[in-house]
Amino acid sequence: MAVLRRAAFRSLVALTLAAPGGCAAPDGRNNTSTQVEIESLAGRSWDSVVARARGTTVLWRMWRGDASINAFVDGWVAPRLGERFGITLEAVEGQGPEIVNALVTEREAGRGRGTASLVWINGETFSQLRQERLLAGPWSGRLPNGACVDSASAFVARDFGQDPAGYESPWGTVQFALIFDTARTPRPPRTVAELAGWIHAHPGRFTHDQGFTGTTFLKGVMYALAGGVDKLQGGFDEGRYASARDTLFAWLRDLSPDFWRGGVTYPTEVAAMHRLFANGEIDFTMSYNHNEVVTKVRQGVLPPTSRALLLRDGTIANTHYVGIPFNAPNPAGAMVVADFLLSAEAQYEKQRPSVWGDGSVCARAALPAEWRARFATLDGDHLALAPDSLRRYARPEVAPEYHARLVNDWRRIIRGRER
Amino acid sequence: MTSRDRAAFLAIGLVAAPAALGGVYSVAAALGFAGAGAGDVGLSRFIAVLASAAVWRSVAWTLAIAAVATVLAAAAAVAVAVRLQASRAGRWLAVFPLAVPHVAAALAALILLGQSGLLSRMAFATGMTASPAEFPPLVYDRVGAGLVLAMAWKEFPFLALTALAVLDTRGHLFEETARTLGATAAQAFRLVTWPLLWRGLAPASVAVFAFLIGHYEMAALLGPSDPTALPVLTLERSLDPDLARRGEAHVLGLIALAICVGVVGLHQRARRAAPEAS
Amino acid sequence: MTRPGESGRAAGVVTRPADRAVLSILFVVVAAPVAVLALRALSATWFYPEILPPAGSMTTLVALASDARLWRAGAVSAVLAAATGVGAATIALAAGRVIARAPKAVRTAAGAAALLPVIAPPIALGVGLQVVALRAYVSGTFWGVLFAHLVPATGYLTLYFLGVLSAYDWSLEDEARTLGAAPHQVLARVALPVLRPRLVEAVVLGALISWAQLALTLVVGAGAVRTLPVELLALVRSGDDRLAAAAALALTVPPALAVSLLARGARRTGTVA
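Residue numbers (our numbering), protein chains in the order written: chain A, 1 to 419; chain B, 1 to 278; chain C, 1 to 273.
You can take every hint at face value.
A short, non-exhaustive set of chain C residues, derived as facing chain A with CB atoms under 7 Å:
#, residue
1, Leu134
2, Gly140
3, Leu243
Not close to chain C: a few residues of chain A, all C-beta gaps over 10 Å, as computed:
#, residue
4, Ala147
5, Arg253
6, Asp254
7, Ile413
Hints are computed from structural coordinates only; laboratory data are not their basis.
Values in this document were obtained by computation on a predicted structure and should not be read as measured data.
In this text, a Cβ means the ideal position worked out from N, Cα and C, and glycines have one as well.
Using the sequences plus the hints, can you model the full thing?
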């Protein structure tokens, strides 16, 4: 009897799940209360947005795995937001891909608003969030500091080839770089072809990880082997992808017997690669942030003779953004935070190599003269890469489908040794 | 049934309900009704997973690793419980790894057993190896040696605690009675202590095995990339950049659940087959 | 006749050589991983082929210890752990006692129910808990996370008590009942004194299960409930091994103190004097 009662209760719970959490209007916009609020805020003056945000809390979900970034956000950004705008910023753990799942479940089963008002997203996560209609907006055009954003730059104006369309606001840029040890490798390879030669000459000393960094490395090589990134720009094209992928995989098959562990196993995350590199098991590690080598040397993770290296065939640069989830409890506060992140002083502080070394999204020309001078001082830092070499070798991301297909095909064909 | 009994069953029901609900949701997501990338309702995700040789390699490898680790942990637990039941230091040491987070244990395994780890450095210092690559790979390897050791290290305290609890509750009373009646130590252990122990340890071992099949952290830090450990594969699929494939993670979860149910079923059958200890 | 558990040896002291060998091996096996973590946390760098770190450094430990955010997270974790331990142990013991003496079919069903949160794949359990929490308006709150911790803890502890009670001597309670004791008297005067060390262990185990949770806390707490693992585990995976080892030790110290409670567990058996 009790068993039957429990089963009935459970079915009831399940039935209540059938009630949808929120319907979308025909133009794809949600009609949740957050969306309504954002649209009403868009109609008001910025001062009223700031006033509405005063005294509130903003929960910002971001990656918390780097102590330098945490120190910048908790120790520099948060106190200033508190002093100037009366906003309490709580930066908490939550990474893009997981947030997509969490938000989908919140939409399916949730009642009312969620917990996070701001999320750190980029490229492929943005595409997924838009696909699932999990972002509120548009709102980023509303930000006063948005005027500084370098919209002429292909890297900022388009996120993985997509148009942000006001649903996300940029806040930093980074560029992929290999990391090597000048003590062990005084004359490192400078092109993809030279890298292949180096790998054959030094078997067992190179590998890449399975995470975002490793995939970025593979994409960069894929662009180079395909004859340049412009061959793959525009939307996703199955034919172009298939031929680029096959060239890349042929290159990998030729090289992987000379990879670390014979190319049979690959580190899961780039953190494992840093460890292997620092202890001399491999001679290269990598990062999608060209300045990470500076912070990691300072933290004692990498040997002091480590340096970043850009391949002359080009390395991928991309921008990271912040977005407002469809059920954000405090969109006004989130907008104020996003705007502050775009301020010249936040962009400058963030770019200092002793703080984080994250690139600025502001166009230098749009800044007042004194800020232009201050940014110029950062260019001279001996550990950072020269900005014109960064620019020369920067390549934009292409449509997110290339990334998704490459990840899955790599896992199936190279890692799984399928023919 | 008294009201107290009913309350007890209601409590158990509340505990089981979220898991049951999660199972229902998993089935729905695996069919395409729910979750990120829902749509295209049907068996396509099931087919994609079940037809993949890589998935079955993962499953077999994960089962083997979890089984070896569980047996190793249980053997160590029995040895410690029987030998060190009276030792305060022994008990403290036996349960200490419970306090160390799984990720920390994996990190320690890397520092100790990696090709550039402490053991390898000692080998280098004594001249046995000349570089990290010459040290046998114990982590990120197909054999999974480092992973098994780390898992066994982390799980053996729970089993030791259970074994000690069984021995404490029943006490040495029966074993000593057997001894005074003339049995040798080995006979007393085999006929009296061991049946008690395995009955008490079996449910806990099943729980440990089920945990290890689904545990992501250690496999991600110490396992090889192919065969990919099942929990790593599941998480990978649940965060797949192609949203339409995320439902496959739920299929993988249901496979893991089916395996656990199978193991529990085997345990129940073994229990029924063995006669009750008097 | 010697008290069971003492067998004529001085309590707490191991004398037989085989026993001493086991103890020594146990010591090395348990201490080695912790020692390397401590060494890494206290060293500035420690690269191959250095056997010992060349230079010590307290900066990371000091930085962690002076971070107020971490102390707050530690407090949240401690409260959750205590509540989970006590709650789960109480429910598990009560349910376990009922199940252990129930007819076979009921025992099987209830055992399966207790087992479900233990064998449920994390992806299913996580989403199930998230959905329940969302519908009950407790997602992203302390109470939601407490519920999320209680579920697996109660499952494990029920199995633990089922194991313990399978070796339990019910005749003591039956005798007390035939002598006219009421159920609550049997509980207070017979069962609890016998089972007290097991109950203490269960509370500690439940607390440990709660303390170590990360995935469920993130899924149900949605980032808003910050426990120590939520704050630190991203650092442990970050690749900065010194910080990772220091964070690992920070996560280990409070449970290690709790674990000492476990070791004090009765060397006497359950027989009432």
